[in-house]
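*Asks:* Letter by letter, the chains look like this.
Protein chains: 2
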Amino acid sequence: MTARILVVDDIPANVRLLEAKLTAEYFEVLTANDGFSALEAAQAQAPDLILLDVMMPGMDGFEVARRLKTDIKTRHIPIVMITALTDTADRVRGLEAGADDFLSKPVNDIALFARVRSLTRLKVMMDELRVRHATTGQLDITDEAPLDTEDDARNGRILLVESEELLAEKLTEYLSAAGHDIFRTTGAAEALERSREQDMDLIIVSLHLAGEDGLRLCSQYRSQEETRHVPILLILDEGDLEQLAKGLDLGVTDYLIRPIDQNELLARTRTQIRRRRYHDKLHEMLAKSVSLAYTDPLTGIYNRRYMNAHLDRKIMEISDTQKPVSVLIFDIDHFKRVNDTYGHAAGDEVLKTVAERVGDSIRDFDLLARYGGEEFVVIMPSTPPDPAAMVAERLRLRLAAQPFEISGSDQALPITASLGVATTTDPTETSQNLLGRADAALYAAKDAGRNRVRSADAPEDGEASAEPMNAVAGG
Amino acid sequence: MTARILVVDDIPANVRLLEAKLTAEYFEVLTANDGFSALEAAQAQAPDLILLDVMMPGMDGFEVARRLKTDIKTRHIPIVMITALTDTADRVRGLEAGADDFLSKPVNDIALFARVRSLTRLKVMMDELRVRHATTGQLDITDEAPLDTEDDARNGRILLVESEELLAEKLTEYLSAAGHDIFRTTGAAEALERSREQDMDLIIVSLHLAGEDGLRLCSQYRSQEETRHVPILLILDEGDLEQLAKGLDLGVTDYLIRPIDQNELLARTRTQIRRRRYHDKLHEMLAKSVSLAYTDPLTGIYNRRYMNAHLDRKIMEISDTQKPVSVLIFDIDHFKRVNDTYGHAAGDEVLKTVAERVGDSIRDFDLLARYGGEEFVVIMPSTPPDPAAMVAERLRLRLAAQPFEISGSDQALPITASLGVATTTDPTETSQNLLGRADAALYAAKDAGRNRVRSADAPEDGEASAEPMNAVAGG
Chain Z
1466 MTARILVVDD
1476 IPANVRLLEA
1486 KLTAEYFEVL
1496 TANDGFSALE
1506 AAQAQAPDLI
1516 LLDVMMPGMD
1526 GFEVARRLKT
1536 DIKTRHIPIV
1546 MITALTDTAD
1556 RVRGLEAGAD
1566 DFLSKPVNDI
1576 ALFARVRSLT
1586 RLKVMMDELR
1596 VRHATTGQLD
1606 ITDEAPLDTE
1616 DDARNGRILL
1626 VESEELLAEK
1636 LTEYLSAAGH
1646 DIFRTTGAAE
1656 ALERSREQDM
1666 DLIIVSLHLA
1676 GEDGLRLCSQ
1686 YRSQEETRHV
1696 PILLILDEGD
1706 LEQLAKGLDL
1716 GVTDYLIRPI
1726 DQNELLARTR
1736 TQIRRRRYHD
1746 KLHEMLAKSV
1756 SLAYTDPLTG
1766 IYNRRYMNAH
1776 LDRKIMEISD
1786 TQKPVSVLIF
1796 DIDHFKRVND
1806 TYGHAAGDEV
1816 LKTVAERVGD
1826 SIRDFDLLAR
1836 YGGEEFVVIM
1846 PSTPPDPAAM
1856 VAERLRLRLA
1866 AQPFEISGSD
1876 QALPITASLG
1886 VATTTDPTET
1896 SQNLLGRADA
1906 ALYAAKDAGR
1916 NRVRSADAPE
1926 DGEASAEPMN
1936 AVAGG
Chain P
1466 MTARILVVDD
1476 IPANVRLLEA
1486 KLTAEYFEVL
1496 TANDGFSALE
1506 AAQAQAPDLI
1516 LLDVMMPGMD
1526 GFEVARRLKT
1536 DIKTRHIPIV
1546 MITALTDTAD
1556 RVRGLEAGAD
1566 DFLSKPVNDI
1576 ALFARVRSLT
1586 RLKVMMDELR
1596 VRHATTGQLD
1606 ITDEAPLDTE
1616 DDARNGRILL
1626 VESEELLAEK
1636 LTEYLSAAGH
1646 DIFRTTGAAE
1656 ALERSREQDM
1666 DLIIVSLHLA
1676 GEDGLRLCSQ
1686 YRSQEETRHV
1696 PILLILDEGD
1706 LEQLAKGLDL
1716 GVTDYLIRPI
1726 DQNELLARTR
1736 TQIRRRRYHD
1746 KLHEMLAKSV
1756 SLAYTDPLTG
1766 IYNRRYMNAH
1776 LDRKIMEISD
1786 TQKPVSVLIF
1796 DIDHFKRVND
1806 TYGHAAGDEV
1816 LKTVAERVGD
1826 SIRDFDLLAR
1836 YGGEEFVVIM
1846 PSTPPDPAAM
1856 VAERLRLRLA
1866 AQPFEISGSD
1876 QALPITASLG
1886 VATTTDPTET
1896 SQNLLGRADA
1906 ALYAAKDAGR
1916 NRVRSADAPE
1926 DGEASAEPMN
1936 AVAGG
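If you're matching them up, the sequences are chains Z and P in order. Per the working numbering, the first sequence runs over residues 1466 to 1940. Per the working numbering, the second sequence runs over residues 1466 to 1940.
In short, the hints are calculated from the structure, not lab data. Be a bit skeptical, because a hint or two may be false.
Same chains, same label: a pair holds when it works inside one copy or across any pair of copies.
[As the list claims (entries may be wrong)] Think about it this way: if two alpha-carbon atoms lie no more than 25 angstroms apart in a straight line, the pair counts; the simulated DSS-like pairs of lysine-lysine are:
hint	residue 1	residue 2
1	1788	1534
2	1588	1753
3	1538	1788
4	1711	1817
5	1817	1486
6	1570	1486
7	1817	1635
8	1711	1486
9	1711	1911
10	1538	1570
11	1746	1588
12	1711	1801
Nothing here was measured: the structure is a model prediction, and the numbers come from that model.
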């Protein structure tokens, strides 16, 4: 994993040193010597990561970080603050200004590359989620995602895997005092089980587990889907650098070296949890917009747009499967009367109940969609005309069998539907044509008196059709 | 990067050997001894990668691959076929059956881990894009993405960076014969420029560029955003294994060892291009659904849902910015007459033209949305009441100044609008309330005779308002 890194320091020798180290590892390096040029470079050149010195004349690192995190164009770029070794207060201030991490001067190579790799890997993942508006480029839903805030790192659920009793006690004490929920385990098997039972925000793993390999556990966390994106903080000793490199390669997110400093523990914990939650939020937003685009807001079932795409695909697949595809269109009888008599809210309730009843009655591989107004469609892959007509008849009965309760009326409404079925075995038939044939069958069902099924492909085979009923009392 | 790998081979010793190698590198290993158990394991345990032996009694590897790629549950899992060294025909058959890659027996470690790492990295990236329906878990838009097909790897645009004239000639000849477009360059600077000018489907880079470091170039491709996801095929010699490891770490996707076999070149090229295009398609689909969820299908501008979320945020930001937020609601005067007189198609044209004219007249940081029917909203951050009223007046004039051309009528329609403006400086005012105030101002504008601006926050300051005009001739 490589990346473009902006190095910001007012002392040219420091810039050159970091530049040389990073370039040798094939990173691309941009440089800036003061806060203003740093902001400009960040805006114009969109680096993947910023290494930011704290002490600079003019605008200091804290202010630069604050501005970068306020600007919509730069706020997703991770920042690593470079502070004096001893200055814990600076570190806390840096994180508060929006820095994602910090490194102490003189910068240790392993630490540098560990942070840089872990942050750029994360950035690439986030960029993947930053889906932009296809046409104008203007809309970026991540712009609408709330900024990382303090709040996003509170009450973390943290799994602690540490076999050394004393250290585990101390870590639990520190983290609990900061308001996190700690789940303690001592061995890998229990740790894996625990994280499967409950979503964790962070997993802290000791490299030295009694009789077990901490890295093996990390690897297992990375390879099972539920924990793949949960950050892992590895606890190790100064002498474990080789295993650390391996761990980072496996996807360990960050590390702490013993003896553990309370402030550093809390700061790193907070950063990891905040980042994890931001990632989840992006994912949720994407999932939500996908769902908004393809579902009907009232009933929650698929909309016409999705149904059309799905039907196109199912018809295309006939050339592989050689199996017929059936569609069923149905329409609630005299629906206008429901709206006119009981109001639109009642009409909406009826539509929802219809979607529920039908949804419960179809098979897993059938697809139910709202076609518009009071019309619905069911797509049935691998279904010949007769079974399709039987499904339709079952749905008709299911709707007619039990009157619909609506709020604001103590009388349940009898509701019926007319249904039209059509089947194709021809992969070149358009979905529009197939739906048109089903629609014609639906009209035939209506003409024949409603509350019945008609099939486009077996018009004469007399599927069951109940006596027409007066659909809406008093309508 | 670690992963869960399914090893399929009918010879237990082969399974054990691969299992030992992979486990030592912290991969998780599942095993199967025949085709049927392989299909079962793939379905039940969702591995990240499948290493699949070709020669097995019962169902052979080709058939297993074919079935895995047909099943919606398993078709996104990459497959590496393991073939006898000499059997080029098998390789081609494997790729045709849907394998993503192949390895020759006896399996070389570097090759094994190179393929495994590159494919699992890609799989994780794809998984990130496989956004599922938030509530039911039923909708997965990637299910609707077309399967990788032969067609997806044709006419690739390939950038070839090779300083050795003879090899470059030969590669160009092979790839052109397969229908690809080849762009030849010999040095890194030109190569970078070329790939910025035009989207490439694949970049083939020689490790040994005259006087330059091929890996440096790969690194640059990976760190610039436009080429980050373009696959890179590295060309090297048998002795370059150390650089290969570094290259794969930098994000090189695959490699070829000289002397280059024509079939292998074409197969790997095809696999990479197909994968790249599938990735792009997923990204496009996501972007499209985001856009569908947040834009108005008729005019292409934002919809009410997006506008509301945006306005909430802008009002919230007042506590940071201390700057007023203004909203403007407007309504096309006598729009019903347009529909009634000229038909809905004409009405739609008018709505589109209104969106265009207003969109062209507002500032970059303003947001235009369709509020419903013939109502539109403009959100103006950092805008006090007076400038907001001026913007409104400018929009009013822009609409009224030039009659609207509509198809099917040789007479242009005069169109005017009534506009209401409201401003808030209070971060706790709800967007609903602010819009309500603007809406009241809009009604005041209508009451006062239409084609004018009224402001909720400066009712008496007499902004310009033209004489009311009869909006639609003959309406």
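*Asks:* With reference to the structure, classify each hint as holding or not holding.
*Replies:* These are the hints, each one checked on the structure:
1. 1788 - 1534: Answer is between; shortest inter-copy Cα gap is 19 angstroms, intra-copy 56 angstroms.
2. 1588 - 1753: both (22 angstroms within a copy, 23 angstroms between copies)
3. 1538 - 1788: between (52 angstroms within a copy, 20 angstroms between copies)
4. 1711 - 1817: Result: close neither inside a copy nor across copies, 54 angstroms intra and 58 angstroms inter.
5. 1817 - 1486: neither (63 angstroms within a copy, 56 angstroms between copies)
6. 1570 - 1486: within (14 angstroms within a copy, 40 angstroms between copies)
7. 1817 - 1635: neither (54 angstroms within a copy, 65 angstroms between copies)
8. 1711 - 1486: Cα proximity of residue 1711 and residue 1486: in one copy and across copies (20 angstroms, 16 angstroms).
9. 1711 - 1911: neither (70 angstroms within a copy, 71 angstroms between copies)
10. 1538 - 1570: neither (29 angstroms within a copy, 50 angstroms between copies)
11. 1746 - 1588: both (15 angstroms within a copy, 21 angstroms between copies)
12. 1711 - 1801: So residue 1711 and residue 1801 fail the 25 angstroms test inside a copy (68 angstroms) and across (69 angstroms) alike.
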